Amino acid sequence: MTNILEVKNLKIWDSRNDRVIVPNSSFYVKQGSCLAIVGESGSGKSVTCKAIMKLNKAGIRQSGDILLRGENLMELSEQRMRKKRGKQLCMILQNGMRAFDPSCVVGVHLKETLMEHFGWGRDEIIAKMKNAMESVMLKDPIEVMNKYPHQLSGGTLQRVMIALAIVLEPDILIADEPTTALDTLSQFEVIEQFLQLRERMGCSMIFISHDLGIVKLIADEVLVMKEGEIVENGTTQAIFSEPQHTYTRYLLSSKLAMNQHFKRVMGGVNVAER
Amino acid sequence: MGSYITKRLLLSIPLVLIISFVTFAFIHLSPLDPAEVVLHSQGIPQITDELLAQTRAKLGMDQPFLTRYLNWVVSCLQLDFGDSYITGKPVWSMLGPAFLHTVKLTLVSTFSIVLLSIALGVACAWKAGKWVDKSVRGVSFFLTSMPSYWLAALLIWYFSVKLDLLPTSGMESYKSYILPVAVITISYAGIYFRIIRSAMLSNMNEDYVLYARACGLPEKKITIHILRNSLQVAISVFCMAIPIILGSTVVVENIFAWPGLGTLSVKSILSRDFPIIQAYVLVLAVVFILFNTVSDIINVALNPKLRDGL
Amino acid sequence: MKRLQNVWKDKVAVLSLSIITVTTVAGIFAPFVAPNDPEEVHMELRFASASWEYLLGNDHLGRCVLSRLIYGIRPSMLWVFVALLLSVSIGSIVGFLAGYFRGKTDAFLMRVCDVILSFPGYVMTLAIIGILGVGFESLIIAFVLMKWAWFARIIRSSVMQYAESDYVKFAKAIGASNMAIMIRHIVPVALPDIAVISSSSFGSMILQISGFSFLGLGIQAPEAEWGMMLNEARDVMFSRPEFMLAPGLTIVIVVSAINYLSDALQVALDPKLMTSKHKQQGLEAASAVKLEGKGVA
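Protein chains in written order, with our numbering: chain A, 1 to 274; chain B, 1001 to 1310; chain C, 2001 to 2297.
Please keep in mind that the hints were generated in silico from the structure rather than gathered at the bench.
Keep in mind that this is a model prediction, so the values were computed, not measured.
There could be a bad hint or two in this list.
List of simulated lysine to aspartate or glutamate pairs, DMTMM-like, C-alpha gap at most 25 Å [to be verified]: (1) Lys54/A - Asp1296/B; (2) Lys1221/B - Asp18/A; (3) Lys147/A - Glu124/A; (4) Lys139/A - Asp1033/B; (5) Lys147/A - Asp1296/B; (6) Lys2009/C - Asp18/A.
With the hints as extra help, turn the sequences into a complete structure.
The structure is reproduced here in structure tokens:
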């Protein structure tokens, strides 16, 4: 299997106070596989992902190489990078409620994005989005598109983002803690959609989470981060059965109880058996 | 939405009533006897008790307080605010034209304030922390510490006296607008531009901007989204700017001899022409309440979240 | 008071503080500081330029400009401060009563404030002066009457926040009297908030009051006041524009110093205001209310 994304010697620092956030990270994502990045909040997971998209805030700088299908993103101009975002690199944010412009109906964002990348007309966009939204189990897609973000639930908006990703067919999908802001039931529904997304499209994915229960379900490989550094890296099975680093063991033991609780709530059948 | 507008408008009625009562009662708090003022202004040398009683009767002062108040309200509704003590002319014939002149000045100033503060607010938010932002904020800090009448005097001295480009006072041509509008704009734009700037900055850090970028939307489109959300905050504030400026052009009008409400009101205060002061306060208070109501309604109409909360 | 130490590190803030202190002291001890009698007329010295005896020259009646500026500190700055203090005190009392006791007291007091705030501030100030008659006392009374409601509103919300804190609940539970709780637990924590909001209105109040004096609605001749001096200078603006400079610059310098110090104080006493988004929106709302008070002065 080829690597769709390779990150080499990625260093991220805050230029305003010279604080190093991520000293030196290297990792890769194989074609069609899912890499989970785990770690506590503040461990540099989100910043790493935003660095791949080159979307960190103005004061935050980065160096190193990020190769997407062999093309170095670090050398791209902002304009060419913008063309990659959405179409090749797609992102799903943590809080669906805040990911859409609160003064516009949800459909506006979808339309603008698809128009930008594919130049489709209105009807074509609606038709494609309708299909995709139905496939993520959203009822009445047209109605959803005509609603304002605050009129919809976090889970629904999360699935709208997934539906948009389905239409965009990116090379790699980056999901930044997509389930943290949801209640348990919606978490279950959203995870279900992620699993189907992988099955159906063979989409490569980076999945950030601090919920090891979900990681175990969805990821092929796991990267454990602590204070900006990668402390452990391996297949999901290996990490969960024979954790090498003490920090990983600590994470596993502390999350074990919650993990079991999670399975119990989810009914333990549908998801856990996959 | 319709019911909200009705409710909001109905709610402002008791406020208008309270204000009309306070305005009316105010004049009676004055230590001076209106009849005396009238007689003085007519240049009558010997004020006898008989004459005073006559004048009081003519002014309707011998009737009970509440009757007078009700009569006053009824005639105010017909734009009859009585006659000026000093000139003897109907108040509205003096107040009406002055009101119109001040409205003209206010609208032009508001327009220029809105344009300038949006332009500066967007530019500073975009370049936050850079020299453009720092220098604009520095200059605006300095200008808000400057008395507007002093600024006006400096501008008159430079543009009218030294360069002889603009008229010093009056309201003859469009040129007469330039300096008063400039002074009002400079005094207010500093406040409004800061509101826009900080609204823009807090919107820029919102997740929806990050997601729009992550979806590859061009910066131009994203800016429109940010501006749209920032202006939502600003529009109701701008709406309130109109009555606020309408009520505070006093200093500028006086220094530029603008024949508006400010000049008229100061003249009336100095000559104790109570009917004019009364009408002036009432008209502006009603305008103020009206705009307050309208700006609330606009705020709700623009904000989908508030709209649903009804 | 550790938080105030940051203010000391800011050189401009220290400079501002020194300007304010020097001005205040000069104003209080005006008879000792001023080189001449501010009301002494020397017709032979009309419009004389600066000399050793009259450092800033003489005005249209030959009076010493510098001495007039120094005596002007009293009405232009010190009396404005008194007016501010008065309206903040009334506002604090109302705000404390409303915010602490809540219920009907709160509802009634806040309705009164609503009514006052729904009047256009500038217009009402003019109206009050119109009724009480032109003069500096009327002007100060008008300001106090119109301003307290705004302070009451803000102090109320700040008190309400502290009155719900756990230590106040605890004090109530162990049976401390309302008075004791207010004095011991709420006043000390609410004071910084009060200091910040009152200092932020000080500058604009100086500008407004001098503006009214400029219109001839405030202090009357021959007494010295900065706005009044500018009014006198306006009459000779075309022939002697330099007379606008001294009083104008004095106002700009003093008001800038006050505004700067007030901003620095706000950052020092309430750092949350600068970072937390939620609070910032609250601040925005407050400053929108404040706009009414600012006005062209």
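Quick rundown of the hints versus the structure:
Under the criterion of a C-alpha separation no larger than 25 Å, the hint pairing Lys54/A with Asp1296/B is inconsistent with the structure, at around 41 Å. Note on Lys1221/B and Asp18/A: the hinted pairing is violated, with a Cα-Cα distance of about 32 Å set against a maximum of 25 Å. Simply put, Lys147/A and Glu124/A have alpha-carbon atoms about 19 Å apart, close enough for the 25 Å limit, and the pair holds. For a cut-off of 25 Å, the pair hint linking Lys139/A to Asp1033/B is broken: about 76 Å separates their Cα positions.
At most 25 Å may separate the alpha-carbon atoms for a hinted pair to count; Lys147/A and Asp1296/B meet this at roughly 23 Å. Of the pairs offered as hints, the one joining Lys2009/C and Asp18/A holds, with about 23 Å between alpha carbons and a cut-off of 25 Å not exceeded.
Violated hints, in rising order: 1, 2, 4; the structure is consistent with all others.
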